Structure formats: C-alpha cells, structure tokens
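Colleague: Taken in sequence, the protein lines are chains A and B. 19 is the number of the first residue of the first sequence in our numbering; add one for each residue after it. 19 is the number of the first residue of the second sequence in our numbering; add one for each residue after it.
You may find that some hints are simply not true.
You can't tell identical chains apart in this list, so a pair holds if it fits in one copy or across any two.
No more than 25 Å apart at the CA atoms, straight line, and that leaves these computed lysine to any residue pairs for SDA-like [what the hints assert, rightly or not]: (1) 501 - 621; (2) 495 - 582; (3) 495 - 381; (4) 495 - 580; (5) 501 - 381; (6) 233 - 74.
Hints listed in this document are in silico derivations from the structure and should not be mistaken for laboratory results. Being a predicted model, the structure only gives us computed values, none of them experimental.
Number of protein chains: 2
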Amino acid sequence: MSGYMGKLLVVDLTSGELVDEPLDANIAHDYVGGAGYAARFLYDELGPGIDPLGPENVLMFMTGPLVGTRAPSCGRHEVCAISPLTGIWGESNSGGFWGAELKFAGYDGIVVRGCSEKPVWLSIEEGKPPALHDASGLWGLDTYETQDRLRQELGDEKVRVASIGVAGENMVLYAAIMNDHGRAAGRTGMGAVMGSKKLKAIAVRGKQRVPLADKTLFSQTAKEAIRIVKDDISSQVYREMGTASFVDMSIMWGNMPNAYWSEPRFEEATNLSGVAMMETILTRPVPCYGCLVACGREVTLKETPYGVEVVDGPEYETVATLGSMLMVDDLAAVAYAGHLCNRHGLDTMSAGSAISLAYLLYERGFLGAGDTGGLPLRWGDIETAHTLLEMIARREGFGDVLAEGCQRIAARYGAEDLAVHVNGLEAAAHDPRALSGMALVYATSPRGACHMQGDMYSIDMGLTIPEVGIFPGGRFKTRGKAKVVARVQDWRTLYNSAIMCVFVNPTAPVLVRLLSAATGWSSDIVWWQRTGERIFNLKRAFNNRLGIQRGNDRLPERMLIPMSNGSRGRTPRMDMLLQEYYEERDWDWHTGKPSRERLISLGAPDIAGDLWDGA
Amino acid sequence: MSGYMGKLLVVDLTSGELVDEPLDANIAHDYVGGAGYAARFLYDELGPGIDPLGPENVLMFMTGPLVGTRAPSCGRHEVCAISPLTGIWGESNSGGFWGAELKFAGYDGIVVRGCSEKPVWLSIEEGKPPALHDASGLWGLDTYETQDRLRQELGDEKVRVASIGVAGENMVLYAAIMNDHGRAAGRTGMGAVMGSKKLKAIAVRGKQRVPLADKTLFSQTAKEAIRIVKDDISSQVYREMGTASFVDMSIMWGNMPNAYWSEPRFEEATNLSGVAMMETILTRPVPCYGCLVACGREVTLKETPYGVEVVDGPEYETVATLGSMLMVDDLAAVAYAGHLCNRHGLDTMSAGSAISLAYLLYERGFLGAGDTGGLPLRWGDIETAHTLLEMIARREGFGDVLAEGCQRIAARYGAEDLAVHVNGLEAAAHDPRALSGMALVYATSPRGACHMQGDMYSIDMGLTIPEVGIFPGGRFKTRGKAKVVARVQDWRTLYNSAIMCVFVNPTAPVLVRLLSAATGWSSDIVWWQRTGERIFNLKRAFNNRLGIQRGNDRLPERMLIPMSNGSRGRTPRMDMLLQEYYEERDWDWHTGKPSRERLISLGAPDIAGDLWDGA
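Looking at chain A on its own, in the form it has when it is part of the complex (with noise of 0.2 Å):
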C-alpha cells in the first residue's frame, strides 16, 4: 500500500503561476514532512546573500503524514523560510484545522515564490483548481475579519483561513500568521515573509481522507495512543489550566522572567495562572484537530472596558512575556494584549519582549520620552502596552522601532548587551537559570532562543517525556544533560515533520508504529530517531551555510548573571554543556559544523559534501 506520496502546491506570485509538483520521494524518505521537509527543499533553494523579505525568500507551509489522520492531536502545520527576523532558519508552528484542512484538499504543503505586486489570497479548495485573488479589499483587515471574510466569500462556514493582520502587512519583523480565530504561527516572523509576499491569506477546504499505508494497523495504534494520551495526567492539567498551569511552577523554580530578566520579585505573578484564569475569566477549553487535550482557552472580557466579549485566551507564554515581564497581574489586561497580537497577527513572545526591553531602556535611562513620543514607558502599566501593540503593529511612531525585534532596539539604543535573545530570536519565557536544560536548548537550536525545538522544561521541571525519560541529575545539572538535550531535539524534530503537537507523547514506540503504518516505512524507532537527527543537523546545516559557527551556540552574558529567586543563585555551566553537547552531536568544536562522518553515518553524505568540500 502506498502512503505519504502526495503532492505540493507552487504558487509564483511574481507569475501568478500555480502548479502541482509531487512530494519528491527521496526528501520525504529522509526528511519525512513538516519542517523536515521544508528544510531539505529550502537547503536547495535558499543559501547566502538572500533578502528575506525579498522575492528570493521562499515560504512554505507544510503539513506531514501524520496531519489530518485519527492519530491523536495531529492538525498542526509549520511555516518555514529565511528569518527577516534573525537572518537564519525560520520555522513557525500552527494548531487549530487548517493543516488537517489542506491534507484534505489534496495537499501536503504550499511553496510560495516571489513577490505579488498587489495584495493577492490563495484559495485551495477541493473540487476547484486553487486560484489566486485580488486582495485589496482585504488589506487592513485584522485576522478575525479576513477570516469572516473569506469564509463568507467562499460561501462555507467550514473554509479554514491563515492570514495576516497589519503586523505582516508591514513587515514587522516578528509578524505571526494566524489561522482559526486565534491560532498563530507566530515566531521568526513568517508573517512578515508573507507580508513581503502580498500574500493576505490562504483559505483551504476539502473532504478527501488521509492516505495511509496501513489502515488497520494505523486505526488500531491510534486508538491506542489516544488511550496513552487520554491517562496522561499532563493531558489532564492542560485540559484543566492550558499551559499557564506552569505559572505557579514556574515562579517558585524562578523559570518566569520578570521585568526583562530582571532582578525584582513578583509574586503577583500567581495572578496570571491557569488556575487563576479557570477561576475568572476562562468559558471554556479550546481543542485543534483532533485533540482531547484542548490547551487552548477561551475566555471573556465582559467586565473589561476593552469593548471586546469572548476572545481566545493567552497561553503560558503569553502571559509571561505580556504580563510578568512588564510586571503586570492583570489578567485580563494581559488576555486583551494577546488578543491584539492575534487580532494583528503578531508573536506575543516576541512583541512582549520587545515592549518589555523597552521598558528597561525607558529606567535606566537610554531611552525618554522624546524617543517614545512622549509615552512614559513604566513597569505595571499595561495600557500603555495595548498602545504600543497597536503602534507595532501599524509601525507607527516608536511603534516601527519596537518592530524590529530585540536584538535591533538594543543596537538602536547602545545596550546591545541587555538584549536577551540567541541569534536574534527573543528568548521564550524559561529561564535557563531555572533550568540548566533550556541553556543548551536556546544556545543550539536552529532558530534561536526558542523553546520548541526541545521542551526541556518539562524535563528539567521533572516531568516525563516517554521517548527519553526522567533525566534524574535534576533541573541544575550539567554532566550527562547534554545527551538528554540531544535526544530531546532529536525527537521533537520528528514530532515537526510527522507534525504531532508535542504536548501529547504516545510513547516512542507507538509514534513510530503510526509513522510507519501511514508511509509504509521502516518500523525500527532508532530509525526513526535518526530520522529526527538528521533533520536537525540539515537545519544545522542550512544555518552553518549562513554563517552560523560556533560562537552563535551561546546565551547572552546577562542570562549568566545570577538572580536572587527560585534558581537560588545558580547559572548553567556553558563551556561544560557546550563541550559535552558538541561530543554528543560530533559537531565540529571549530567551525560549529556536524562533520562529515556523523553526516555521512546519519545517510546525509551530500549535505557532508556541501559543508566539507564547499568552496
């Protein structure tokens, strides 16, 4: 039986050409889809010297083998191109149905070329060649209305939309694409790529099935992993309190930043959790595709003067970069602050770090309020933080400073050196001081200091991911965890490509056993993990070709500092994870670079050949 052999769509915007090109079957073999995929087929088509936000850049919107089947919590899509934000690999990953949606089109992912020269949406409905239209009556609009919109121009209240807000229409560098209501691919500014594109949107609808190699082994392990899920008490918390159930956790182990990794406490944070949202202003659990575990919320701001009633509601992240970080325990204030990053379609991580920063700079005296247009700029106060969303996203006034992300207001204002962020990307709200895992993960992975490619807060906060286990060293230690980071990448990599959200974990056996059953592939689980390795060295690769060595795996000096909360004074050991991880991966200790026999032995002797014999 065949599996996962179906096809792209590639969109020439500068054209207006549309053609179908099958899945090649070699890069689906190695590389499987998702961002696995993406990377192998951009390492082709992108290298130095690219403007991101220029026609060169390609975006692409990948779904995988798993998206769309009954195997549980697998609607996810990643957005891939050349960063405008860090210049390096970018990747971005969506919930909700659309992915599911463009599986059931007939597609496993879009390539979009080019640049449109007006403000242009892609319908790929099924039934209908998909088809180019003018957007200009769309331009402007926010995410929720472009939804409505095209949903009512398609005449299906069914059609799953993913667009831009203003934030993308301007190129803000950390533009998200948002798709169903509030669902964002949100990092390394994708939105801005496909703002650059004059692409508005992409609306998607179709009903044909998932093909998959083996139905009845497929059914019956996706039953079976809908069990695991379903007794996973992880599953249960995030049902309950959405991932701010980390909140309280987080404060006592000192892993929330506040006041931009600063030093002073702030318990008021508690009033920011999941249990606290389920206490107020939650209505209900939100799930993607396919989900039962449903972190998403929805809550209402009724009792706010915001003129807004039932929006979705911020996720962990959210309220740390939107609340803690400018020290502020609204609630409600910080769901209204996410609530414009979606309406505008921006990353509230790094729109939240870029406001807080700011709010650093206005202390301590490198900024005034001539440079803010005569804002004050003050720890607690989160109006001043919905005008400056707004302002960002329109970049308008100090508004098109703060667009630019951190690295850049910091360069802006001489204090490049307060700026926390890897390579450019705005830390997630972990503190690596917490948790000596989160160093290695932000200090090498292939988009920066992101919390995605590697969930180990969850590890080092002593939960169990079932495909490595409980690390036992706990959350400071340094000898033996870079193995354990390795692994973890090396797995959630293949979580990205297959794509199955990493907030469920069937087991490594029983992922595998679904893989293998929807390709035909092998069944062997080392494969597998190899398989996840080897894509993260291509990323690696694909970053090592611009620029990237060894220097870049670092975090910044400020993140060195130790803090007086619940790390108790503790920062991890860089040189020592660093020298560790560099053995466990056989990265090159001089260049930064995978070497060739660790390539070639991963059945990756061409990109072995692109990094080692290149000019």
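Starting from the structure of chain A, add chain B where the hints point.
Modeller: Below, chain B without anything else, positioned relative to chain A:
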C-alpha cells in the same frame, strides 16, 4: 603679581598658519589649565556631527599653571579632542618632560586645527618662531627613531619630542602619542587624531621660567609638598616597584583580570609583579620632570631573543592587559609587548584588551583561523600577540580589525555582550567586582571605562587619598560610596587641570596653596574643589551634547557576573550606586544632564543655558 597669564600656539594645518593667542582669562580662572581649559575651549568649538578623524576636530596639547614649576611631579601635559574610539570627550595625560619643556618654551598649550596635505612636524624653540616642517622623511619611523631624528635635526640633545608611530599614522583608533621615550598619552586615540592631521611630531625646547603670582609662598609650599610626598609610603612603594606593585594585592582581591575578564584563575600573574620585575629585569626607576617618586621603569631584555637591550618597562596596566589578560606570565615577553606598543605608538591597555578579546572570541568559536589569516589564537601565546601588535599598528590583515577597538570588534562578530568597555573605551585592569568604587568611576567617567578620572582603586584598597580620606566602608560597600567617588573625581579633575601627577598627594591645603600662589587666585579649598566639580560637569555637558544620557552610565553586563576569585562572588549594586551618585551630583535622573541649579551654583550659567534652554 601676575601668575597664570600665558599664551597658546594656534596651528592651522590646512593653511599652514601659526598664531599666538593669549590664554582666555575667564576660561583659565574658571577651568584652570590642562584638561579643564581644553574642555571649555573645545566645548565652544566642537559639537555633534564632527568626524573625529576629519579636519574639523581640534587637537589640544595643554599644560597648566603648575607645570614646569618646582612643585612635585608637575611635568605632565594633557592631549584632548573628540575621541575617534568613543565619539565623545577624549583626553589623555602623559608624563615625562615634554609638558614642562613646552612651558619653558613660553607656551601653555597648542591648538591644532585642520589637516595637512602631507606629513609635517612642528618645532617650538624659544627664541625662534614656531615652524612647520616637512615630515615625509619621518613618516613610517617609530617613536624612538622620530625622537632621535628630531634631536639631531635641531642639534640639541635636550629637545623634547611628542610624536606618533605608525599606529597613529594608520589611525588605529587607540593610537597613542609618545614622548620622552616611553611616556604615553595613551588612551582614547589621540594619536589617531594626530595622524589624521598628518602631524608626525612636536619638538619643544626652551629655558623660560614659569611665571608665578607669589614666588616666595610657592617656593615654600613646594618644599612642604616635597617633604610630604617623600614621607608618603606609597611614593616609596612606587619607586621600588613601580605601578606593578599593585599586582599581588590585585590578584589576592580579584582586581586583576585574566583571560579577558573570564573565570579561570591565574595565580601565575604574580610573576608579573613589581617585586618580580625588581628581582629580574629592572635596571632602574625612571622619573618624570620634578618627580621624586619615579614609578617609571627601565628594564633589560638582554637575555631574550627580541633583539633589544634596554627598554622602557611596563606599568601595572600593561602587565595586566598584555599579560594576565592573555594568560601570559613571562615578564620579559610582556615587557617586549609593551615596548612594541611604545615604538609604534599604541595604547597598551586598549591594544592588550583587543587582542585578549580576540583570543576569547577564538576560544568561543566566534572567529577561526580563516578570520585571522591563519593565526591560531591561544591563551598564553605572547608570540602571537607580538605579531598582532605589529599587524595592528600597520592595519595589516586581521590587525585592521583589531585596530578598531573592542566595541567594534565584538560587533563585527555578533558578540557585543562580550566586549568589556564603557561608552567605547576598554576598561582598565581594575575589576569593579573587587572594588565597587571602580564601578561608579567606570560608569560615570567622561571618557569611558577609565581609571584615571578617579582612582577609587586606591581608596577601595584601603589607601588614603588625603584630599578625600579613607572610606571606612570597605571595597564592596554601596551606601555612601557615591559621595566619595564624586569627591575623588572632583579632585582628580583639578589635578588634571593643574597639572599634577595623581601619584603624589601633598594634601588638599598644600595643593590649593600651590595653585593659589601660582595663579594669584583664591586660596579657598572649597572653591578649588568646586572648580574640579565645575570642570567635571563641563565635560559631562560636552558629552551630553554628543548623546550621552543616563543609560550610558553603566557597566557591561559581563561585569555583573560574579567571579570565584578574590572578589568573592560580589558584584556592584549599580542601581543603588547610580541613584546615590545622581543625588550627590544633582544630575537629572531622566536625561542624565547636570541640573540647571547645580550648574548655576557652580558658576556655569552659560552651560546651564546651553543644556536646558537649547533646541
């Protein structure tokens, strides 16, 4: 009796015109001489937008009312301009005899404007008109050769020469101006400014007596000062062991940086101490004009392969920045590195820091052999440092990168937060984690992370500065330290205007009596202390106009990472230190400017008007 009422030589290198101009009596009275007079003079001439290496920058060589008198250690001169390294106030102070000789030739200072088309040198000989001469035969010579050549040229062994080496010719951003063999106006790149003007050297010779308002009082007070200095234990320590007498105490207290301010211990630095020098390569102490301290060193390198015999020996700052910062403890090799800096006219401190940063970046994988032209950079390798010093001076290959200073080097490799500087000036070899007073001095000095605008290292080490007294709080103390720092800065600012060497401390009453007897002005101690404060605030205003604001008053974040050495894991409390400092100085917390009220009360209403009523 008239005292300090001399003249300046104004040289326009563009037109070739030389004019005498009397000292401005108002400026002299309010800002004395040296860096104070220069600051007021240049404040009226130089504003934002001036290219420090262009013809608009004005370079001043200044003496002061005490220079060339019989008061102890008053032979120094100041060189001032906008710094090409930092873009703000630049000043550098040199010993030797040149300053006194300039006074003997009848001048209090030299103002150099414009740029010459071809290399020139300037002669100022008493009894002859000052003259510009073709220097094409000198271009490319080292500073020792230049001094020798001009002595021959003028046929007088007692001619004193200040000149640049090839580093200044090539506008290395931290090029020094050397005089009297190994004396250097080292910091802030005054040699690059001189090089940009194509002025190779200034030779001076004269026999005039320095005018004094009250000769009897002066002579009597000078004798008293000499007695006090002679009895001072620190004078004796400096004479025996030079400034490197600091080494052992510095190691013990964690004051001396290793491996570019990173963690590894390096107790071997004791081999670089003043005692070690005395026991090995020291031939004799070398005094400047009128100095009974003689902290200068002459050393022999006869037993080395460097092809030189007797050279000017290294200071504490040199053994630290070109020694322990490179993890080198070979004293003769470090002395030779210092000699190379002297020959080519390089600031040892910034040069050593730049090389040390490069070693760190190499170790951490920010740069590789491809960047350095094949040179591996390894801790402990002084031979490579010798090679790099030659390359820097000539801006050859990787030397051209290092010639730009630490801030720009780090930015080039995306490692901004690894550079240890304040406002562009490389920190001196005093770690503020060991001595909290140095934290404030670095953060607020008008020329960046400098140790000479307030020698809090002495006070924090428990030594007495008679003008200020012992600070009982200790080296880690926060509360109360700002007041002491401000007073030290005020007094040292007066010293640098008088000019008296900061290594002698004849007590405030005696210093003020000397100044009063020389100038005929007030004998009120408070008035003179406030004159120091007035000048300090003038330099601040100069910098405010060039963009300095409160955010600039800071340490790099790296210096807030605790160390396991003798600084015992302590770090300075910058927020509290700065708050107290701002209160003490009455600087505005929002803009970082001196308050209108303080400027007016200090007798500088014009500066107040400029700062607060300007556009």
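Colleague: What are the numbers of the hints that this structure violates, sorted from low to high?
Modeller: 6
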